[in-house]
Amino acid sequence: MSMSKSIALSAILLANICISAHADDTNGLGNHPNLGAPITENDIKPWDISILPDGTNLPPGSGTAEKGAKIFVEKGCNACHGDGGKGGNNPALITDKPLVGNGIEAAKTIKNFWGHSTTVFDYIRRAMPWPAPRTLSDDEVYSLVAYILAGNKLIDDKAVMDAKTLPQVKMPNRDNFIIRFPDRI
Amino acid sequence: MSKLIKGGGTRHFAQDDVVAGNGLLHRRALLGRGLVMAGAAGVGFGAGTTGAGAEPLKEPEWSRYQGTTVEPIGRRTKYEKNTVRTLSNPNGEPRTQHARAPLHMLNGTITPSHLHFTILHNGIPDIDPDQHKFVIHGMVKNPKVFTMDKLMRYPMVTRQTFVECGGNSSPMFSKEPVQANLQQLHGLVSNSEWTGVLLSTLLEEVGVDPKAVWMIAEGADTAAITRSIPLKKALDDAILVMYQNGERLMAEQGFPLRLLLPGWEGNMNIKYIRRLKITDQPAMTYYEERNYSPVLPDYKAYRFYFINEVKSFITHPSFGAKLDGPGYYEISGIAYSGTGRIERVLVSADGGKSWADAAVQGPTMHKAFTRFHIPWRWDGQPAVITSRAIDDGGNVQPLRADFVKARGETMEPIKNTLAFYSQHYNSLTSWGINAKGEISHVYV
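Sequences listed follow chains A and B, in order. Letter 102 of the first sequence, counting from 1, is numbered 102 in the numbering used here, and no numbers are missing. Letter 349 of the second sequence, counting from 1, is numbered 1349 in the numbering used here, and no numbers are missing.
Where hints are given, some of them may not hold.
Straight-line alpha carbon distances no greater than 20 Å define the calculated SDA-like cross-link-like pairs of lysine to any residue that follow [stated by the list, open to error]:
id: 1; chain 1: A; residue 1: Lys170; chain 2: B; residue 2: Arg1303
id: 2; chain 1: B; residue 1: Lys1300; chain 2: A; residue 2: Asn176
id: 3; chain 1: B; residue 1: Lys1300; chain 2: A; residue 2: Lys45
id: 4; chain 1: A; residue 1: Lys45; chain 2: B; residue 2: Asp1280
id: 5; chain 1: A; residue 1: Lys153; chain 2: A; residue 2: Gly82
id: 6; chain 1: A; residue 1: Lys75; chain 2: B; residue 2: Ala1223
id: 7; chain 1: B; residue 1: Lys1300; chain 2: A; residue 2: Pro38
id: 8; chain 1: B; residue 1: Lys1300; chain 2: A; residue 2: Pro172
id: 9; chain 1: A; residue 1: Lys108; chain 2: B; residue 2: Lys1150
id: 10; chain 1: B; residue 1: Lys1322; chain 2: B; residue 2: Val1178
id: 11; chain 1: B; residue 1: Lys1232; chain 2: A; residue 2: Pro182
id: 12; chain 1: B; residue 1: Lys1144; chain 2: A; residue 2: Pro38
id: 13; chain 1: B; residue 1: Lys1415; chain 2: A; residue 2: Ala107
id: 14; chain 1: A; residue 1: Lys108; chain 2: B; residue 2: Tyr1302
id: 15; chain 1: B; residue 1: Lys1415; chain 2: A; residue 2: Gly103
id: 16; chain 1: A; residue 1: Lys108; chain 2: B; residue 2: Asp1357
id: 17; chain 1: B; residue 1: Lys1415; chain 2: B; residue 2: Asn1089
id: 18; chain 1: B; residue 1: Lys1141; chain 2: B; residue 2: Ala1223
id: 19; chain 1: B; residue 1: Lys1300; chain 2: A; residue 2: Gly82
id: 20; chain 1: B; residue 1: Lys1300; chain 2: A; residue 2: Gly101
id: 21; chain 1: B; residue 1: Lys1150; chain 2: A; residue 2: Ile39
id: 22; chain 1: B; residue 1: Lys1300; chain 2: A; residue 2: Phe177
Distance ranges between label pairs, derived from CB positions [what the hints assert, rightly or not]:
id: 23; chain 1: A; residue 1: Pro182; chain 2: B; residue 2: Thr1096; range: 25 to 33 Å
id: 24; chain 1: B; residue 1: Ser1354; chain 2: A; residue 2: Asp83; range: 55 to 63 Å
id: 25; chain 1: B; residue 1: Glu1247; chain 2: A; residue 2: Lys45; range: 49 to 57 Å
id: 26; chain 1: A; residue 1: Lys153; chain 2: B; residue 2: Arg1344; range: 52 to 60 Å
id: 27; chain 1: A; residue 1: Arg134; chain 2: B; residue 2: Ser1354; range: 40 to 48 Å
id: 28; chain 1: B; residue 1: Asp1392; chain 2: A; residue 2: Asp83; range: 25 to 33 Å
Output of the computed footprint for chain B on chain A, the stretches with three or more beta carbons under 8 Å from beta carbons of chain B [to be verified]:
id: 29; segment: 31-40
id: 30; segment: 65-78
id: 31; segment: 103-114
id: 32; segment: 127-141
id: 33; segment: 157-163
Hints were generated in silico from the structure; no laboratory data involved. Here the structure is a predicted model, which means the values were calculated and not measured. The beta-carbon is built from N, C-alpha and C at its ideal position, and this holds for glycine as well.
Between the sequences and the hints, there should be enough to build the whole structure, so can you do that?
Dropping the structure here:
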């Protein structure tokens, strides 16, 4: 449905249930309910943890592989992902296992599959550790990211990961994706 | 109507009702031919009921006493206690939980809410609707926050649609057919009637920047599940749903608010939605970067698959059932398409050598389960039944050989039906029936 069609449909729905026009007409949508309260980006910030692949919204802070190695044990990451991130009940984070040659069922690893380094930060910060997500500090997340990327030899052992350096890490499989339905985007 | 032929000793059908190999009958062999069939029924309806073995009818015990007391929430009969979902993680260990719908035991098109499939990553959150907030921000003129009581005042729409996990039917990628029932093979799809507010209504109110292309949706669940969704879809038919099958959402389905993207992979239908960020680029979240990017035979991978394409499978009879001797059976199943309305379903009883149109039960709806039926006279010989759906956009469910050529199959036969080997399977499902009436899963 096009934008104009959806507006038309909304207008019909509104007419049908006889909602009276709201006083707020700032968008030129006088017949809209307009029941949302204004909110500033600053007030949304505590929830806004979306990281874009170009690094947009990466927080201040930094971390290194050396610190990450300690945090990986302290926070119990090894309980699920194995010692050194080599795999346990849950997937290996640091592994050279290739995609090619292992069939369509090949294990997709950070090194052999993931296209963007920023995804590693976004996912760890949002969803790990599994029993207590969003409890790590941003420095801790940067350190864990550095630990995983360095372990996979995607960055130097001594490299500092921060909002500037992380998006520059090139992931080996980045260019091996085909957009399935380009006309849907 | 031409001459009648003997139907496995149980009933009679007109010769010209046979429309495809191995005894498939015209889809309207019963409907609209009442007089003829009434005559045929007089000849011998019901297997072996010549009247000789019947006992005189008696008043059954349950008809003679006061029954149990009606309760505020209805209860299923104890005789249906086995019609349940199967659980991948029944003890709630700290990993994902899947519940698969018993599609082979249901009929019609609506999946009861309590049997609807679900996948939860950190258990079911307990969200107080009075405190839940939903915010739209990013590339918008006026960021807004909505409470549930305000959202409930918006004009609502109601529609049926299926929701299907992008990883549903993963066992179908196995090199050899996995001997498993429909629930194990395809249990991560269900169909409901949903009610809520068109997302486009809210997007108009916040004023989306014309340069924006994507929206990043995020849930209030512990895992804060997040996906990037093209704004095109948001403006097409996305709904913020609050009701499922007439009642407020079940907690496991996203109470109090869920994003519904009709026809698109389940994981994108963000439950417990609390935030939409409008952007000019996708976030490349874990689920689009890794899980729902299927690997292809040449080791490239599809990204942004999104759509659950046209698909069908036979639910009756299916694996786990046993045919009770030669004679009349109805073949019935489910067809659906993430791009439109089901227009035709073809059924074969001879492994794809010949096909006949099944009756497509109307009213058919866009991106919703459609039930198909076709009568079948099984002659007691080995048969292979399968179905193939076509939607109103002319999209045809691919044959297995073509599908496997494009999408691949596993190197070894798979053993674990709970694992996800690839995503977005929409080729055929075929049931082999042997002379004893036993049903196995086969490829054709």
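Checked hints:
Proximity of A/Lys170 to B/Arg1303 is assessed by CA-CA distance (about 18 Å); at most 20 Å being required, the pair is judged to hold. For the hint pairing B/Lys1300 with A/Asn176, the CA-to-CA distance comes to about 5 Å; that is within 20 Å, so the pair holds. Annotation: proposed proximity of B/Lys1300 to A/Lys45 is violated, straight-line Cα distance about 37 Å (limit 20 Å). Straight-line distance between C-alpha atoms of A/Lys45 and B/Asp1280 comes to about 19 Å, which keeps the hinted pair within the 20 Å bound.
The suggested pairing of A/Lys153 with A/Gly82 holds, with an alpha-carbon distance near 18 Å, which does not exceed 20 Å. Distance restraint check for A/Lys75 and B/Ala1223: the Cα-Cα separation of roughly 17 Å lies within the 20 Å cut-off, and the hinted pair is therefore satisfied. With a C-alpha separation of about 44 Å, the suggested pair B/Lys1300 and A/Pro38 falls outside the 20 Å cut-off, and the hint is violated. Pair hint B/Lys1300 plus A/Pro172 holds up; C-alpha atoms about 12 Å apart against a cutoff of 20 Å.
Only pairs whose Cα atoms come within 20 Å are accepted, and A/Lys108 paired with B/Lys1150 is rejected, the gap being roughly 43 Å. About 18 Å separates the Cα atoms of B/Lys1322 and B/Val1178, which keeps this hinted pair within 20 Å; it holds. A distance of roughly 12 Å separates the Cα atoms of B/Lys1232 and A/Pro182; the hinted pair therefore holds under the 20 Å criterion. Restraint check: the Cα-Cα separation between B/Lys1144 and A/Pro38 comes to about 5 Å, which is no more than 20 Å; the hinted pair holds.
Restraint check for B/Lys1415 and A/Ala107: satisfied, since their Cα atoms lie roughly 16 Å apart, inside the 20 Å limit. Of the supplied pair hints, the one linking A/Lys108 and B/Tyr1302 holds, its CA atoms being roughly 13 Å apart against a limit of 20 Å. Taking the CA atoms of B/Lys1415 and A/Gly103, the gap is near 16 Å; set against the 20 Å cutoff, the hint holds. A hinted pair counts as satisfied when its Cα atoms are at most 20 Å apart, and A/Lys108 with B/Asp1357 does not qualify at roughly 41 Å.
A C-alpha spacing of about 17 Å is found between B/Lys1415 and B/Asn1089, which places the hinted pair at or below 20 Å, so the restraint holds. For a cut-off of 20 Å, the pair hint linking B/Lys1141 to B/Ala1223 is broken: about 29 Å separates their Cα positions. For a cut-off of 20 Å, the pair hint linking B/Lys1300 to A/Gly82 is broken: about 28 Å separates their Cα positions. A hinted pair counts as satisfied when its Cα atoms are at most 20 Å apart, and B/Lys1300 with A/Gly101 qualifies at roughly 12 Å.
Restraint check for B/Lys1150 and A/Ile39: satisfied, since their Cα atoms lie roughly 15 Å apart, inside the 20 Å limit. For the hint linking B/Lys1300 to A/Phe177, the alpha-carbon distance of about 6 Å falls within 20 Å, and the restraint holds. Range check, A/Pro182 to B/Thr1096: about 30 Å between beta-carbon atoms, so the 25 to 33 Å window is met. A C-beta distance of roughly 59 Å is found between B/Ser1354 and A/Asp83, which places it inside the suggested range of 55 to 63 Å.
A hinted range of 49 to 57 Å for the beta carbons of B/Glu1247 and A/Lys45 is inconsistent with their spacing of about 36 Å. Checking the proposed 52 to 60 Å range against A/Lys153 and B/Arg1344 shows it holds: the Cβ atoms sit about 54 Å from each other. In this structure the supplied range 40 to 48 Å is violated for A/Arg134 paired with B/Ser1354, their Cβ-Cβ distance being about 58 Å. For the pair B/Asp1392 and A/Asp83, the supplied restraint of 25 to 33 Å is violated, since their beta-carbon distance comes to about 55 Å.
Here's how the segment 31-40 of chain A fares: 9 of its residues keep a CB closer than 8 Å to some CB of chain B, so the rule of at least three is met and the hint holds. Only residues whose beta carbon comes within less than 8 Å of a beta carbon in chain B count, and the segment 65-78 of chain A has 0; fewer than three means the coverage is violated. Check result for the segment 103-114 of chain A against chain B: holds, 7 residues qualifying (beta carbon to beta carbon below 8 Å, three or more required). Proximity of the segment 127-141 of chain A to chain B, defined as three or more residues with a beta carbon under 8 Å from a beta carbon of that chain, is established by the 5 residues found.
For the segment 157-163 of chain A, the assignment as covered by chain B is violated, since 0 residues bring a beta-carbon within under 8 Å of that chain's beta-carbons and 3 are needed.
In this structure, the earlier hints numbered 3, 7, 9, 16, 18, 19, 25, 27, 28, 30, 33 are contradicted, and the remaining ones agree with it.
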